[in-house]
Amino acid sequence: MAAQTTVRRKLRARRKVRQAAGERLRLSVYRSSKHIYAQIIDDSKGITLAAASSAAVKTGTKTDTAAAVGKALAEAAVAKGVTKVVFDRGQYRYHGRVKALADAAREGGLDF
Numbered sequence: 001m002a003a004q005t006t007v008r009r010k011l012r013a014r015r016k017v018r019q020a021a022g023e024r025l026r027l028s029v030y031r032s033s034k035h036i037y038a039q040i041i042d043d044s045k046g047i048t049l050a051a052a053s054s055a056a057v058k059t060g061t062k063t064d065t066a067a068a069v070g071k072a073l074a075e076a077a078v079a080k081g082v083t084k085v086v087f088d089r090g091q092y093r094y095h096g097r098v099k100a101l102a103d104a105a106r107e108g109g110l111d112f
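Numbering (the working numbering), first residue to last: 1 to 112.
Keep in mind the hints are simulated off the structure, nothing from the lab. Note that the structure is predicted; figures quoted are calculated from it, not measured. There's no promise every hint is true.
[Unchecked claim] List time: in silico DSS-like cross-link candidates among lysine-lysine, alpha-carbon distance up to 30 Å:
hint	residue 1	residue 2
1	Lys34	Lys10
2	Lys71	Lys58
3	Lys62	Lys99
4	Lys16	Lys34
5	Lys45	Lys16
6	Lys34	Lys58
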């Protein structure tokens with residue numbers, strides 16, 4: 001039963017993202033118990049333009065690590081000329097590590 005709930009929550013969030021996106025790229029977040037991953041995806045072409053994960057960046061607590069991932073992703077995206085994205089939180093609440101990643105990405109130069 002829980003798997004159906006998370007799938008529904010993810011699809012609901014993704015539907016709202018696609019409605020709001022227009023021509024913007026998508027910043028997708030995946031959070032596991034140990035790591036957090038983020039990537040910027042061009043859905044029209046089906047390619048990933050930039051990616052970052054906590055497997056490569058380790059600093060302090062999980063929240064600090066998520067902020068470092070957001071900053072690293074923003075730097076990689078700005079280097080490729082991407083500044084406008086839409087945030088896809090997936091099935092996760094906008095709280096804690098997900099919020100820290102988003103705030104750090106905004107500080108790094110991404111607009112969403």
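Q) For the pair supplied as a hint, Lys45 and Lys16, is the alpha-carbon distance within the 30 Å limit? A) holds, 20 Å
(Q) Checking one constraint from the list: CA of Lys34 to CA of Lys58, max 30 Å. Satisfied? (A) holds, 11 Å
Q. Given the proposed pairing of Lys34 with Lys10, does the C-alpha separation stay at or below 30 Å?
A. holds, 20 Å
**Q.** Holds or violated: Lys71 to Lys58, with C-alpha atoms at most 30 Å apart
**A.** holds, 13 Å
Q: For the pair we were handed, Lys16 and Lys34, check the Cα-Cα distance against 30 Å.
A: holds, 28 Å
(Q) Does Lys99 sit within 30 Å of Lys62, going by the straight-line distance between their CA atoms? (A) holds, 12 Å
When the structure is compared with the earlier hints, no violation turns up for any of them.
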